[in-house]
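Chains as they are written, first to last, in numbering that gives the first Met the number 0: chain A, 0 to 311; chain B, 0 to 451; chain C, 0 to 577.
A couple of the hints might just be wrong.
From the structure, some residues in chain A lie toward chain B, with a derived Cβ separation under 10 Å [said to hold, decoys possible]:
# : residue
1 : LEU20
2 : ILE22
3 : ILE141
4 : SER219
5 : PRO245
6 : GLY264
7 : ARG273
Read the hints as simulated data drawn from the structure, not as lab findings. We put the CB at the ideal spot given by N, CA and C, even for glycine.
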Amino acid sequence: MSTYLIRRLWQMFPTLLGVILFIFVIFNMVGGDPAYVLAGKISSPEQIANIRKELGIDQPYYVQLWIFIKQVFTFNFGASWSTNELVSDLFKTRVPPSLMIGIPLLVLETIIALGMALMVAYYRASLTDRSIMIGCTIAQSISILVYIIFGQYYFAYKLGWFPVQGWGDSFFQNQFTYALLPILIGAAVGLAPAIRLYRTFVLDEINQDYVRTARAKGMSEKRTMLVHVLRNAAIPVITNVLVQLPGLIVGLFLVERFFSIPGIGREAILAVERSDFPVIKAVTVYVAIATMFANLLADLLYKVVDPRVQLK
Amino acid sequence: MSTTTPSPTRTIDPRALAAAERSPGLWQLAWKRLLRDKIAVLAMFIVIGFILLSLLSFFGVVAKDWSKEVGINYAPPVFAPNAEGGGLDAPVTVTAPSQTGDATALPFTFTTGVKDPLEAEMKEIYAQLGRGGASAPAAAAQGYVSTIVDPLAEDLAAIRKELGRPDPTGVSSATALGSGYKGSIVDPLAEDVVAINKELGRAGAMAGAMAGAMAVVTTAEKKIVRSPTLAFGGDKWGRDVLAKVIKGSETSILVGFAAAIVATLIGTVLGALAGYFGGWVDDVLNWFYSIFSAIPYLLLILAIAAVVNKKGVITIVLILGLTGWASIFRLVRAEYMKHKTREYVQAATAIGASNWRKMFVHIFPNVSHVALVQLSLHVVLFIKSEVILSFLGFGVGVDTVSWGSMLNEAQSELILGKWWQLAAATLFMAVLVTAFSLFTDALRDALDPKLK
Amino acid sequence: MTTLLSIKNLSVSFRIDRDTQYEAVRNISFDIPEKSTVALVGESGSGKSVTSLALMGLLPKENSKTSPDSRVMYKGKNLLTISSAEMQKIRGAEISMIFQEPMSSLNPVFTVGFQLGETLEKHANVSAAEARKRALALLEEVGIPEPTTSINKYPFQMSGGQQQRVMIAMAIACEPELLIADEPTTALDVTIQKQILELLAGLQRKRNMSVLFITHDLAVVGDIADHVIVMRHGQIREQGSVRQVFTQPTDPYTRALLACRPRVDTRPKVLPVIDDFINAENVAHASNTNQSGTQLFNPLANVETRTRGIKPEDSVILDVQGLSKSFYTKSGFFSQKEFKAVNDVSFKLHKGKTLGLVGESGSGKTTVGLTLMRLHEATAGKAFLEGKDILAMSEAEFKQYKRRIQIIFQNPYASLNPRFTVGQILQEPMQLHSIGNGGQERAGLAFELLARVGLPEASFYKYPHEFSGGQRQRIAIARCLTMKPDILICDESVSALDVSVQAQVLNLLQELQDEYGMSYLFISHDLAVVKYISDEVMVMSNGEMVEMANSDDIYARPQHPYTKKLLSSIPTGMAAMA
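Same shape as in the complex, but just chain A:
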């Protein structure tokens, strides 16, 4: 187990270096001279030269790369170009709101989707199954933007059930007023693809021999589905959810933007709009690292839920 863990952490290095290199190439080489971006359109050559020196980009590439690597491992990306806020502070204040939306959303979505998936898979090939599946396809075909625009307009603006947007200082107020509609909209958007995916997981299991054995033993249909099938189908579901989490945190940027929630996703999109390179670089690198750890965690969890998996 511990050898496995060490080996897996060891194996992360090439990927991590790859991600760092990739981002470095994109931002420092492809992206043109950041000094011009930072200095704006109207600037004197002296200003540019000063900024270049400040950023260290008058140095050769390998020195720049080394600076970047140091930044990644010391968590010191300096300050945002547009707001002058320290990037580390930015993470500290922006990640919690994103988690407050993301985690309840994922839990809600997973529970509903798995329940629905079990049901439609049990009634597979029936009219119920087919109509729910087509419904899911249609629901999936509508842009997430429409869900948000319409949801915000109708439920918040028109009906007034929720605040239109905003975020306060109190955790409870945030979680139970401001976060509610974003969570519901996010879950609604994710539901259709999740049902479709989990249905295939359940269908994979439902045709297995052991399900036939359970029936042959006289187990009720309910027990067969909820104990035998669910326990097996849950394995890919759990890993799927876990691996999704880091991506979801930034993936919520649209919701955060519409509802003015100071989350990391909205921060990322603002940074992209303002060409705020330090922030984009930091978000990309750390989300990538989080994704790698989520993958590792998923594999470890696999061991817990599936006795067949042996970690070597």
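Given the coordinates of chain A, work out where chains B and C should sit on it, guided by the hints.
Relative to chain A, chains B and C alone:
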């Protein structure tokens, strides 16, 4: 008695027998299965319809004039004429009765291509103020909107009628007339700048003066005939939403297919190499894959979009295509690894087939259905991604229209009760994407080689 | 004898697609008496498994249909019409079932104890603690070693034989009246098969239950059944007591099944095939000589036999010396674990002769074949083909030799490229080895070979999916013949085929050997088949050669204990009967 010498070897022309006895291959069987699925056939027709529509739009047969202001501002759709149309800021339309309906081309509205020199400054101001993306920057990039009225057009039309002369296109006759036009040039930013100045309590410096000057130029627009209702309604500027949404389909289908083809090509070739050869080839390619899969997809696209900082269809196609191959790579690689050990490939090795032959002649036809289904799935994925990118302003330029940019406009319109642009974009997108997804599902089922 | 369960007019059909129905079982009726074993025998597609699933109510609901006049009467109730709640009370308690694949039939994520206890708690209404106590006793009864530790194991931690024992324990947990065993030993090695059969027979007597034993292998039936029912194409061809069916079969199909299977004690020159019997019957009917078909064709009498063996004067074509193949799996950081699949194996293959290679799963027999084909790289060893070591030569040099040594695989469904027509499959090796001059001549040669392996001309234009398993093996054989190889490796080439088809393919292989003088390396787990086709037999176990001798000698006088154990495991019921 004639003796027939028995031929030592059989001489049968395979082609002679072929026509009569050839069996359907797996592709043909899959196609037949697909046609048996009624929903799939319907979906296929819808998709083909959309493709035709966008081809027509591409070649300028339909929706050519999407950027013309043919209706009143916020013209309501014909099926709901009593909807809150007309707009708050009623347009400067003069609807003097036209005696000469055939002077169709004049007056005409066009974008001058002269960019607003203030565009950059405006953008910065917007960023600073955190002001939501009003349409101004988009309009500014598009350039000034001019309306030119030919003073002679009316007379000419009347003379033509009298002489019984055929009516050439209004445009050519207009250009032939040379000078003497009356025109109006509207600064798209003027309104916004004035508002901002007011907000900041700033005296209208150069910008304000310029906007004012622009406004002064306005002269009598005699012949602007703007329709009070439009098929699907009109937008803020009175442009036909139907034309826009058709133009948007063109963009979506173009981006979706082109990017999906790029991604599928990259994913399939790399996946084939990695899966077939294994070893260090696989290690290197897998390393690439792990980099791309570690960064969440949308974040990756946005980061690259931020760096590239250049709008346009080709940019989007490249960004989506070059970043979207990872999942295809993974699947094709797995398929190749599976098939590599299959007995038919071992048999090919045993008879002395080369690696190239095994990879492309033997294995590829057996995994191509995976690539095809992935292609289909990615068309949908990329259409959706393009909409989000364009919504955020990283997508297509302002010289074209996308469902994403329509949704962006619709966002503020909805509050005013102008729901039709949102509805049109949503409906068109939902129909296309649903049809394409249903088709993909049916395709996957039909290709699923369960019969082995 | 009282009847426990009675099946009347059972018909089951499956919906293939909107307008195609497949009638899997057509109007069959039979009884299962109390306290006896009934064997349901048939080849693939005979409907035997469908029958068992139908009477358990386990047919897939979405695409199967049982005809309305079908009846499965048990204790005065029709099992096909009772409510699902009632059926659940019967399933697992009064009628229970075990399946072919024990590994996949057990839920992989629950312990053996959980799965056993679940059954007991449901039907016997006992507490969890009591269920565990009973589960331990059951594991003991079915012969699981160390029940107290085994009860906490997951299925994947057990061997195939133990998994099947757990399945049996689960099936007998609630003292059922009827145990249905659907091919319970087919996936198991022959030595394990024997143990499981003995266990089932013992339990049947001890617990006084009835057993419905479903199998494709008539040989197994002789050992354990009281009654035999033979099915083909969804219909019952013959039923009767085991003695009657084995000694005086009335149906030509039954007679064919009995005769087609190679036997250890005799070796006919040509194996009888199913058509011989069916045709004989038709001829008999046509000439109105009632019942004379039986006398006309007695499979067990007046058959020319073949003698086999290696004589000193036979020349050697392939000389294998010290062949080894190891696989490595990563363990820990830098270390890797070595698994010796083949360890220092040497043998000589004689020209025009067949060397049989027998062993149980994991013995390394298949690896020997693949290594000789260089589909795996040998770890050590030499293989001389006419004085040249084919394992040591470069890839380019080996290309010349590829056409001289060819292989036919086990799975006829996987060994032909599904996207190629048969014509393309046959012409490809000719193109690669420049055999034949131009497309016309190659096509002509392909047609000739199709005729030689007994396939119609039109096959040339067809795709593999249009052929049955036996036909596909013929195509695979024809593909090898295009290159006129000296050596043909048959890797379990007839194992996946039904008995009747197996005989046809074996006959074809023998004919081709007589005609072309090829040498065969015949790899199989089936001792009877190997005995039939081989001149010499090599027995392998755990990657090592255990014993090698002329085939008659090794079967008559096995020297090594493992060989003895293997031979004693061959089902002998039929031979004893005959």
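Tested hints:
At about 8 Å, the closest approach between the beta carbon of A/LEU20 and any beta carbon in chain B falls short of 10 Å, and the interface hint on this residue holds. Proximity of A/ILE22 to chain B holds as hinted, the smallest CB-CB distance being about 8 Å (cut-off 10 Å). At its closest, the beta carbon of A/ILE141 sits 5 Å from a beta carbon of chain B; the interface hint therefore holds under the 10 Å criterion. Of the supplied interface hints, the one on A/SER219 is violated, with its beta-carbon coming no nearer than about 30 Å to a beta-carbon of chain B, more than 10 Å.
A least Cβ separation of about 7 Å between A/PRO245 and chain B falls short of the 10 Å threshold, and the interface hint therefore holds. Hint status for A/GLY264: holds, given a least beta-carbon distance of 9 Å to chain B, under 10 Å. Satisfaction of the interface hint for A/ARG273 is found here, the shortest Cβ-Cβ separation to chain B being roughly 6 Å, below the 10 Å cut-off.
Hint 4 alone, counting from the list given before, is not met by this structure.
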